[in-house]
Every structure is written in C-alpha cells, then in structure tokens.
Amino acid sequence: MEPVKKRVRSQVWEHFDLISPNKIQCLLCPRQLAYKDNTSSMLRHLRAKHANSQPSCNQARDSQVTRKQELDDALVDMIVKDAQPYTIVEDVGFKELVHKLDPTYVLPTSQAVKAMIQEKYEESKEKAKSDVQKAAADMWTSIHMDAYLAVTCHYVGENELHGMSISSFSVS
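Add 8 to the 1-based position in the sequence shown for the working numbering, that's all there is to it.
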C-alpha cells in the first residue's frame with residue numbers, strides 16, 4: 009500500500025477567506041465568489057481584477073524567504089545584544105508577541121537559534137581575525153591600589169578606525 013500524499017494548499021488562499029462551505033471572500037476587494045472545491049475561480053479573479061497589484065507566486069515565495077531570513081537575523085541579533093537565552097523562542101509570551109507582530113513568521117526552534125548564533129559567531133570571528141591589525145595591553149592602578157589589566161585591539165575597516173576592549177580584569 010502506498011502512503012497517502014499530503015494535499016498542498018494553494019498560495020491563492022492567501023488572498024481569500026472561506027466564509028461558507030460554498031462561498032469565498034476576496035481579501036483584496038469586497039467581491040464574494042462561489043467555491044466548488046477548487047481554486048480555479050479564485051485564480052481567474054486574481055488575474056482579472058488584481059493582476060497588477062499581486063506579485064507572481066515565485067516573487068511572493070522569494071520575498072517570503074527573504075523576509076524570514078531578515079526576521080531570523082533580527083532575532084539572532086536581539087538574542088546576542090540582549091544576552092537572552094536561546095529558549096526565549098519557546099516562551100509563550102514571546103511567541104504571542106511575535107505572532108501579533110507578524111502572524112506569518114514561524115519562529116525557529118531553540119536548537120536552530122543556537123546553530124544560527126554559532127554560525128554568526130564563526131563569521132564574526134573570521135572577519136575580526138582578518139580586520140585586526142594590532143592588539144595592545146595596558147596596566148594601571150586605581151586610587152585604591154588595585155591593579156588592572158586591559159587588552160584592546162584597534163583596526164581599520166572600510167577606511168574607518170575601530171577599537172574594542174577584548175578583556176579587562178583585576179590583577180591580584
């Protein structure tokens with residue numbers, strides 16, 4: 009016995025709502041159409057009435073992939089900048105907030121977020137290695153006679169001088 013194939017939902021449904029078992033509503037205009045278990049009338053309506061306002065399926069799919077990548081990158085940036093745990097994507101309140109902001113965005117799993125952060129770390133590390141020109145160490149003593157050591161690096165990137173503190177700690 010062959011496995012039953014899962015039915016793929018047409019992208020045309022993004023522009024219509026089923027308002028009764030045999031009637032659909034266009035989301036782009038007030039028009040209601042008859043529905044008979046196929047999407048032919050929906051496609052005809054979109055082509056006839058909204059051809060110029062709607063991108064092709066491939067363009068829509070490409071823009072959805074680009075949008076997902078943008079949101080994934082923003083999520084990774086937020087987690088890194090705010091030192092959030094990977095598991096924030098599993099928090100109920102966070103899921104509700106993201107859904108409210110963009111109902112079409114599917115949050116990645118915490119394991120996927122961890123992999124994205126590790127990938128970004130490796131990319132950043134390699135870029136920093138290629139950009140760094142010199143590293144310096146500086147020691148000083150506070151007015152309370154505590155010794156401190158700081159390691160800094162400076163580099164030129166895209167005609168601009170950058171500097172960062174790599175580490176700073178008390179020396180006993």
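FYI, nobody ran anything at the bench for these hints, they're computed from the structure. Treat the hints loosely; a few may be bogus.
What the hints assert, rightly or not - The calculated lysine to aspartate or glutamate pairs, modelled on DMTMM-like cross-linking and capped at a C-alpha distance of 20 Å, are:
| hint | residue 1 | residue 2 |
| --- | --- | --- |
| 1 | Lys108 | Asp80 |
| 2 | Lys133 | Asp99 |
| 3 | Lys122 | Glu134 |
| 4 | Lys135 | Glu166 |
| 5 | Lys76 | Glu22 |
| 6 | Lys122 | Asp85 |
| 7 | Lys44 | Asp80 |
| 8 | Lys122 | Glu98 |
| 9 | Lys135 | Asp81 |
| 10 | Lys89 | Glu166 |
| 11 | Lys135 | Asp85 |
| 12 | Lys122 | Asp99 |
| 13 | Lys128 | Glu78 |
| 14 | Lys122 | Glu168 |
| 15 | Lys89 | Glu22 |
| 16 | Lys76 | Glu104 |
| 17 | Lys103 | Glu127 |
| 18 | Lys128 | Asp90 |
| 19 | Lys122 | Asp81 |
| 20 | Lys133 | Glu168 |
| 21 | Lys57 | Glu98 |
| 22 | Lys137 | Glu127 |
| 23 | Lys128 | Asp110 |
| 24 | Lys128 | Asp80 |
| 25 | Lys89 | Glu130 |
| 26 | Lys108 | Asp81 |
| 27 | Lys76 | Asp25 |
| 28 | Lys76 | Glu98 |
| 29 | Lys57 | Glu104 |
| 30 | Lys89 | Asp25 |
| 31 | Lys133 | Asp81 |
| 32 | Lys89 | Asp99 |
| 33 | Lys137 | Glu166 |
| 34 | Lys135 | Asp110 |
| 35 | Lys108 | Glu78 |
| 36 | Lys89 | Asp146 |
| 37 | Lys44 | Asp25 |
| 38 | Lys103 | Glu131 |
| 39 | Lys108 | Glu22 |
This structure is a prediction, so every number in the text was calculated from the model and none was measured.
Problem set entry | Pair hint outcome, Lys89 versus Glu22 [Cα-Cα no greater than 20 Å] | violated, 35 Å
Exercise. Taking 20 Å as the top limit, are the C-alpha atoms of Lys122 and Asp99 close enough?
Worked result: Satisfied, since the Cα-Cα distance of roughly 15 Å is no more than 20 Å.
For this session: Would you check the hint for Lys103 and Glu131, treating anything up to 20 Å between C-alpha atoms as holding?
Result: Cα-Cα ~28 Å, so violated.
Exercise. Taking 20 Å as the top limit, are the C-alpha atoms of Lys137 and Glu127 close enough?
Worked result: This hinted pair holds, its Cα atoms lying about 15 Å apart.
For this session: Could you grab the alpha-carbon distance between Lys89 and Asp25 and see if it respects the 20 Å cut-off?
Result: With Cα atoms ~40 Å apart, Lys89 and Asp25 exceed 20 Å; violated.
Exercise. Are the Cα atoms of Lys44 and Asp80 separated by 20 Å or less?
Worked result: violated, 38 Å
Exercise. Is Lys122 within 20 Å of Asp85, Cα to Cα?
Worked result: holds, 12 Å
For this session: Verify the proposed pairing of Lys122 with Asp81, using a straight-line Cα cut of 20 Å.
Result: holds, 12 Å
For this session: With a cut-off of 20 Å on the C-alpha distance, tell me whether Lys128 and Asp80 pass.
Result: holds, 12 Å
Exercise. Within 20 Å, alpha carbon to alpha carbon, are Lys137 and Glu166?
Worked result: Since the Cα atoms of Lys137 and Glu166 sit roughly 15 Å apart, the hinted pair holds (cutoff 20 Å).
For this session: For the pair we were handed, Lys135 and Asp81, check the Cα-Cα distance against 20 Å.
Result: Holds: Lys135 and Asp81 sit about 17 Å apart, inside 20 Å.
For this session: Measure nothing beyond the straight line between the CA atoms of Lys76 and Glu22; if it is 20 Å or shorter, mark the hint as holding.
Result: holds, 17 Å
In this structure, the earlier hints numbered 2, 7, 10, 14, 15, 17, 21, 23, 27, 29, 30, 34, 36, 38 are contradicted, and the remaining ones agree with it.
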